[in-house]
Amino acid sequence: MIGLLERLWSDFLPLLWAGMAVNFEIAGIAIALGLAFGLALAFAHLRGGLIGTGAATAVTLMRAAPTFVVMFFLLNALPREISVSGVMIVALSLVPYSAAFVTDSSLDALRHLRSGSALAALQFLPNVMRAFFVLVMSSGAGAAIGVGEGISAILRQAEQLPALGDRLVLFAIGVASFGVPLQLGFLVLRFAQRRLGLRLTGRHSRRIG
Amino acid sequence: MGAMRAFAAARLALAILTLGLGMPAWARKTPAPDAALANLLEAARATTRTGCAQANTDRLVRIFCAGYIRIGVRDYYPLFATRTGDVREGYEVDVARALAAKLGVAIEFSRVNAASRIPLLAEDRIDLVIATMGHNTQRDGQVRFIRPHYYRSETVLVGPRELAISGWKDIAGRTVCVTIGNGSNASLVSHGARLLLFDEAGVLPERLKDGTCTLAAQDDSFFAEAFTHRGFAARFAPKFGFAQVPWGMAVERTGGEKLARALDLISQIFHRDGIFLELARRHQIAAGFLEEQQKVWRSPACDTDAGSTDSNCILPALDTALEPTRFAGAVAAFEDWFSSATGVELSLPMLTTVPAWSLLLSGVGNTLVLIGGALLATLLFALGIGAALSSTAGPLRWLARSVVILLQSSPIVLTLVVAAAVAHALFPFSAAVALGAAIAALGLANGSNAGQAIGEAMRTLRLEWPAQEQSASALFARAVGRSATQIVAFLINAAKGTPIASFIGAPELLSALTDITSFSSGRATTYTLLLIFYTLVVMLVVSVCRRLQAVLERGKAAS
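Those protein sequences? They're chains A and B, same order as listed. Numbering follows my numbering, in which position 21 of the first sequence is assigned residue number 56; successive positions increment by one, without gaps. Numbering follows my numbering, in which position 421 of the second sequence is assigned residue number 454; successive positions increment by one, without gaps.
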């Protein structure tokens, strides 16, 4: 066991962390594109009429489209003249989810803002952060099309370990590597939400006072 | 002394006689194929005196009239045929030279590739093609293959040296990098391998080196060049081979009967005399097949002028024809109508052949089982984890909380892989085991989140309702109702996540269609239809779940 851990520490962890950086890169691209498309769809939705109906239909379809299938669709159905990297294909496959999420969240925020609850409206920011973490976790699907991200690194290492016990140790390290930043992220998110809430409620009470 | 000499002479005579009787036919007398070839070539040369200007002259005569033979070879197929400036090298190039020398004519090489080699023959721009062409039943209708075959390739599975893989039993559940359209992909699929598809074989060695692919399957003639590189050979090794394909030289089907016959006889002689074998060794390509063939063509039964038509001596063409479905004609008609009406090429390979149709049907069936199973598992795990999180027993609550944190911290792909690893350790690999593992993983991942929502709802209810007012079960029912939105959201998420089960070899629709497109065309159409199918199924699940949510919320309101 100690030998295995030493080997994993020296050989595997640098590869895993380098791979995880790709997961964050994919999530970053997906959330940026999701914000752009999602906000545009939200504005279109607010305009109502034919454009609004079109935007609502698009969001419904994007919500229903499974990310994994979208990824294979992009990989196989794009014309060969359009050369897109594996990282970009995974990021693009996550855009329907992130854009639909941003549209829903921004419309929610606007509704809260109109009803006078700025605090509830500001939930938009932590919601986007939460979506970012979901995207980091979902980007592991890239392993299925050969993108060299964190899950690929784990699976490559697992291929070299014939014993189930050793593999489970490896998987536990993988879960911890993804889980620690995720849980820390949520912790920071909760802290930021609390601070923001306190500040806003303080300002509100000062205004009332 | 004289008697001894007489005895020795008698022994020598006996030995020569014995040796003579025991010698193979090819070493005893003028061999039959050689005589037949000599007669054929002599007759053809004789015809050149009068027949060069005649129409319908056999190609062999035309070649003698021109003084050279036009041979199509590849420009870049390492070890087999490469060209640097005007210099051509490789096994096939040397075979072409040896053939021309045997015919006594010069050569004019032409560049061909996989797409152009047959059309160039049909257009009479070349007389002969020697260009890594596998002999299959489909091509038999397009060109006349020369028998015996001059080489045989097989698909070889290549992977890291330290990886213990010796046969099909080690393949199930593993990902193998392959090229689209490779006929051997179907064999990998039937043994439970997952395929990672690439457009070009050229990238496979690089993808092996950078770790994208742990295993790659491709023609051994393709990997032959990679294995000449010391670094590659030190890290990787062929694991096993399958799907043998004989390679044939070919001429046009009509107008070249004498040329084809002459080439048949020359091939036969080249095998028997080890010419092919020597050329293969010179270019360091696998020569096992040629060694076998030499034995065959040295045998008296095959070393005859009729050997190249004797089914006991020659190899059959590879049967690649897939049985069409009974509605294949209607599908083809619809494809044509659609293309002409819209200008968009439509290809529906999943409907035109029996293996593809059968894969499609089982894929749809398994997808529905998977979605139903994932929804049920999500609901059950949600209720179980929700109950554990709502328990008054501290250790049970903490255990449930740890499970929730663990599952939330694990990317779904990793959760699936862990479930598959455990399932495969307990049961032999099968489609049902992969489906079961996927259902468990999807249920756990989504059920833990939904269960957490139930637990949180229970906590708020306990604050609002004093303990004595409601029984634990009634309170739990209210908690389920209160968290209905979350439960429904995660049920939808579970349904949306089902295609990812293909990652661990569950034979659902994505997996089935990937398999179909690996040996047929129409990728764009196939994946577009797949996206439409899954989106519609998820929308249906959303609609059903919304009804469930309404029922749960009505129950909450009633209580």
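To be clear, the hints were calculated from the coordinates, so they are not data collected in a lab. For glycine and all other residues, C-beta sits at the position ideal for the given N, C-alpha and C. Mixed in with the good hints, there may be bad ones.
Quick look at which bits of chain A chain B covers, simulated, 3 or more residues with Cβ under 8 Å [to be verified]:
| id | region |
| --- | --- |
| 1 | 156–163 |
| 2 | 194–205 |
| 3 | 213–222 |
Tell me, in ascending order, the numbers of any earlier hints that this structure violates. 1
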